[in-house]
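Chains as they are written, first to last, in this note's numbering: chain A, 129 to 308; chain B, 67 to 213.
No wet-lab data here; the hints were simulated from the structure. Cβ atoms here follow ideal geometry from the backbone N, Cα and C, with glycine treated the same way. Please note that the accuracy of each hint is not assured.
Said to hold, decoys possible - Only pairs whose alpha carbons sit at most 27 Å apart, straight line, appear in this in silico DSSO-like list of lysine-lysine:
id, chain 1, residue 1, chain 2, residue 2
1, B, 76, A, 266
2, A, 143, A, 218
3, A, 266, A, 250
4, A, 266, B, 172
5, B, 126, B, 109
6, A, 183, A, 266
7, A, 183, B, 172
8, B, 76, A, 134
To be verified - If you anchor each label on the Cβ, the simulated ranges turn out as follows:
id, chain 1, residue 1, chain 2, residue 2, range
9, A, 243, B, 162, 39 to 49 Å
10, B, 158, A, 222, 50 to 60 Å
11, A, 178, B, 161, 17 to 27 Å
12, A, 252, B, 200, 43 to 53 Å
13, A, 226, B, 102, 45 to 55 Å
14, A, 223, B, 158, 32 to 42 Å
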Amino acid sequence: MFVYEKKLQYPVNIKTPNPAMAKYIISQYGGPDGELSASLRYLSQRYSMPYPELKAVLTDIGVEELGHLEMVGTIVHQLTRNMTVEQLEKQGFQDYFVDHTAGVYAQAASGFPYSAATFQVKGDVIADLAEDMGAEQKARVTYDNILRMCDDPDVIDVIRFLREREVVHFQRFGDASGAG
Amino acid sequence: MSDKDNCTYKEGPLPSCAPLAVPMLAAQQHSEPAYESVDALTKGTLFPGLDLPFMDYVAKGPVEASPLTELMALDFVCQELALYLDTHPNDAEAFKKWKSFTALAKEGRRRYNEMCGPVQRGDTAMFDGWVWPEDPWLWNGRKAGKK
Ligand SMILES: [Fe+2]
Chain A
129 MFVYEKKLQY
139 PVNIKTPNPA
149 MAKYIISQYG
159 GPDGELSASL
169 RYLSQRYSMP
179 YPELKAVLTD
189 IGVEELGHLE
199 MVGTIVHQLT
209 RNMTVEQLEK
219 QGFQDYFVDH
229 TAGVYAQAAS
239 GFPYSAATFQ
249 VKGDVIADLA
259 EDMGAEQKAR
269 VTYDNILRMC
279 DDPDVIDVIR
289 FLREREVVHF
299 QRFGDASGAG
Chain B
67 MSDKDNCTYK
77 EGPLPSCAPL
87 AVPMLAAQQH
97 SEPAYESVDA
107 LTKGTLFPGL
117 DLPFMDYVAK
127 GPVEASPLTE
137 LMALDFVCQE
147 LALYLDTHPN
157 DAEAFKKWKS
167 FTALAKEGRR
177 RYNEMCGPVQ
187 RGDTAMFDGW
197 VWPEDPWLWN
207 GRKAGKK
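Excised from the complex, chain A in its bound form:
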C-alpha cells in the first residue's frame, strides 16, 4: 500500500523555460536508466527476495525512486511551462510538442517510449542485487552527463541532489549483498 505525500523530497524551483534541456532530462523519467525503471525494478524484485533486509531495502529504495520520478517530472514540467512557440521551435522541441504538448510523457531522450525491457527481474538474489548496483551506477552516470550539458543553476542543484542519491543507494545495495 502506498500513501502519497504532498511534497517533493527536495525543492524544485526553476524560473527559466528551456525545452531543449527538458528533452534530455526526460530520459531520467522514462529512459533506460531512469527513475521509473529504478522503482519498478526494485519494487518488482522484492517478491522473490529471501531475506528480510533485502525486502526492506528494495521497498524503501523503490519508494524513494518513485519520489525521484516525481522530481524529474517536476523538472520537465517547470522547464516547459510558459515556453513560447519561438522557444520550442528554436530549441528543436517540435517533435515532442506535436505529440505531448507541454505534458510529461515517459520516454527516453531519443523519444523512445518507456519500456520495461530496460530492467530485469531475474528472481535470483545475486543476479538481482548485482543488477541493482549496476543500475545505480548507470543512473549516476546519466546525471553526470546531464550536469555536463546543463547551464541553469536551478536545474543543476536538483540534478546534483538526485545524483548523490544514486551514490547512497549503490552503497546500500552493496551493504545488503554483504549482509546476505
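The hints should help you fit chain B with the ligand onto chain A, whose structure is shown.
Here is chain B with the ligand on its own, set in the frame of chain A:
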C-alpha cells in the same frame, strides 16, 4: 585479523576472506559522523563518507529556509537512517537517532500542516473542509509552496 579498526569514515572493511564470484563492496561501518539535517538535505546524504559529488558540483548554499524545507530536512534524515538501518538492523545507536528524528519530523509535519496545509490526505481531518485538492501541489514550485 581485519584492518576494521583502522578504517576511517570514508572507508569500510571487506571480509578478510571473501567468497569468489560474489560482488563485494566495502561496508559502511557506522552511522556517524553525520551532517546536521539541513546540511544533509542540501548535500543529498546524511553521511560525509558517501558525499561524493561530480567534479566541483557542490551545493552553492543551504536549501532556502521555510516550513516546507524544514520538514523535508527532517524527513530526509529519517529516510537516510532507515536505509542504513535496513542493512544495519543491529545498530542500536542509529535506531535511537532514527526514533528521535521521527518524533521531530512528526512535529515538523504538524507545523507545516498549520501553516501550509495537509501533507498526507489524512491530515485534512484537522481542517474545516476538504482542502486536500487545494495548492500547494509542489511540482508548481516555490510560488505554490509558499502560502
Ligand atoms: Fe537510485
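How the hints compare with the structure:
1. B:76 / A:266: holds (22 Å)
2. A:143 / A:218: Satisfied, since the Cα-Cα distance of roughly 19 Å is no more than 27 Å.
3. A:266 / A:250: holds (19 Å)
4. A:266 / B:172: violated (35 Å)
5. B:126 / B:109: holds (10 Å)
6. A:183 / A:266: The hint holds at about 22 Å.
7. A:183 / B:172: Given pair residue 183 (chain A), residue 172 (chain B) holds - Cα atoms ~25 Å apart, limit 27 Å.
8. B:76 / A:134: violated (35 Å)
9. A:243 / B:162: 39 to 49 Å: Roughly 44 Å apart at Cβ, these two residues keep to the hinted range, so it holds.
10. B:158 / A:222: 50 to 60 Å: For residue 222 (chain A) against residue 158 (chain B), whose Cβ atoms are near 59 Å apart, the range 50 to 60 Å holds.
11. A:178 / B:161: 17 to 27 Å: The hint (17 to 27 Å, Cβ to Cβ) holds, given that residue 178 (chain A) and residue 161 (chain B) are roughly 24 Å apart.
12. A:252 / B:200: 43 to 53 Å: holds (47 Å)
13. A:226 / B:102: 45 to 55 Å: holds (48 Å)
14. A:223 / B:158: 32 to 42 Å: violated (56 Å)
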